[in-house]
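Asker: Counting the sequence shown from 1 gives a position; the working numbering is that position plus 31.
Read the hints as simulated data drawn from the structure, not as lab findings.
Just to be clear, a hint being listed does not mean it is correct.
[To be verified] Calculated pairs, EDC-like style, for lysine to aspartate or glutamate (alpha carbon to alpha carbon, straight line, at most 20 Å):
#1 Lys103 / Glu82
#2 Lys115 / Glu173
#3 Lys135 / Glu120
#4 Lys154 / Glu82
#5 Lys108 / Asp136
#6 Lys180 / Asp147
#7 Lys115 / Glu174
#8 Lys154 / Glu166
#9 Lys108 / Glu137
#10 Lys60 / Asp73
#11 Lys60 / Asp45
#12 Lys179 / Asp125
#13 Lys108 / Asp125
#14 Lys115 / Glu165
#15 Lys135 / Glu166
#16 Lys103 / Glu137
#17 Lys180 / Glu166
#18 Lys115 / Glu82
#19 Lys115 / Glu152
#20 Lys180 / Asp125
#21 Lys123 / Glu82
#22 Lys124 / Asp136
#23 Lys135 / Asp125
#24 Lys108 / Glu50
#25 Lys123 / Glu152
#26 Lys60 / Glu105
[Unchecked claim] If you anchor each label on the Cβ, the simulated ranges turn out as follows:
#27 Gln169 / Lys108: 36 to 46 Å
#28 Asn145 / Glu120: 19 to 29 Å
#29 His66 / Met32: 15 to 25 Å
#30 Glu105 / His54: 31 to 41 Å
#31 Glu120 / Glu51: 16 to 26 Å
#32 Val96 / Glu50: 37 to 47 Å
Cβ coordinates follow ideal geometry from the N, Cα and C atoms, glycine included.
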Amino acid sequence: MSQIQSFFISSYGDNNQCEELNHFLRSHKVIRLTHGFVSNSDAPGFHIIVEYADNGNAESSKKRVDYRAMLKDEPQKLIFDSLKKFRSELCKKDKLIGAYMICKDEHLYQMAINPDISIEEIKSLPHSANIKLEEYGQTLFEELQRLKKNETGQIPF
Numbered sequence: 032m033s034q035i036q037s038f039f040i041s042s043y044g045d046n047n048q049c050e051e052l053n054h055f056l057r058s059h060k061v062i063r064l065t066h067g068f069v070s071n072s073d074a075p076g077f078h079i080i081v082e083y084a085d086n087g088n089a090e091s092s093k094k095r096v097d098y099r100a101m102l103k104d105e106p107q108k109l110i111f112d113s114l115k116k117f118r119s120e121l122c123k124k125d126k127l128i129g130a131y132m133i134c135k136d137e138h139l140y141q142m143a144i145n146p147d148i149s150i151e152e153i154k155s156l157p158h159s160a161n162i163k164l165e166e167y168g169q170t171l172f173e174e175l176q177r178l179k180k181n182e183t184g185q186i187p188f
């Protein structure tokens with residue numbers, strides 16, 4: 032189960048609004064973040080909607096999140112498992128210390144629940160600091176596109 036929180040960041044540069052959003056993002060397990068520019072008001076800025084896991088505070092929780100268990104159906108699980116295997120192969124090929132350096136399981140989860148995600152959305156997923164989503168985003172996107180099609184070229188789901 033998830034919850035939604037809404038934020039507005041003024042284009043006039045209010046640091047308190049940014050700090051409030053940053054604190055929220057650091058302290059919750061973000062599932063999805065969407066944003067848009069609002070220009071038809073007296074105070075233009077960005078409206079940000081954060082969908083987050085209702086199991087609470089990510090900073091205080093030491094439990095690992097089982098993203099695979101959060102998936103709803105077999106096609107999503109198949110995509111998640113295939114992307115996880117692909118990420119592991121990339122890691123070995125490029126001699127990286129851990130697969131998490133390419134992307135986190137939460138990023139694979141986002142791709143599995145939204146197989147129509149764009150390359151820009153992949154590269155801007157939350158919690159991607161200090162990992163190589165910018166570098167490997169295109170490769171992951173291409174693999175996701177390949178997984179969406181079966182041998183006959185049909186999308187299996």
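Asker: Look at each hint and say if it fits the structure.
Answerer: Here is what the structure says about each hint:
no.	hint	verdict
1	Lys103 / Glu82	17 Å, holds
2	Lys115 / Glu173	14 Å, holds
3	Lys135 / Glu120	14 Å, holds
4	Lys154 / Glu82	18 Å, holds
5	Lys108 / Asp136	12 Å, holds
6	Lys180 / Asp147	12 Å, holds
7	Lys115 / Glu174	11 Å, holds
8	Lys154 / Glu166	9 Å, holds
9	Lys108 / Glu137	13 Å, holds
10	Lys60 / Asp73	33 Å, violated
11	Lys60 / Asp45	25 Å, violated
12	Lys179 / Asp125	25 Å, violated
13	Lys108 / Asp125	26 Å, violated
14	Lys115 / Glu165	17 Å, holds
15	Lys135 / Glu166	14 Å, holds
16	Lys103 / Glu137	15 Å, holds
17	Lys180 / Glu166	24 Å, violated
18	Lys115 / Glu82	23 Å, violated
19	Lys115 / Glu152	18 Å, holds
20	Lys180 / Asp125	26 Å, violated
21	Lys123 / Glu82	33 Å, violated
22	Lys124 / Asp136	19 Å, holds
23	Lys135 / Asp125	17 Å, holds
24	Lys108 / Glu50	36 Å, violated
25	Lys123 / Glu152	25 Å, violated
26	Lys60 / Glu105	23 Å, violated
27	Gln169 / Lys108: 36 to 46 Å	24 Å, violated
28	Asn145 / Glu120: 19 to 29 Å	23 Å, holds
29	His66 / Met32: 15 to 25 Å	23 Å, holds
30	Glu105 / His54: 31 to 41 Å	38 Å, holds
31	Glu120 / Glu51: 16 to 26 Å	40 Å, violated
32	Val96 / Glu50: 37 to 47 Å	26 Å, violated
The earlier numbered hints that this structure contradicts are 10, 11, 12, 13, 17, 18, 20, 21, 24, 25, 26, 27, 31 and 32.
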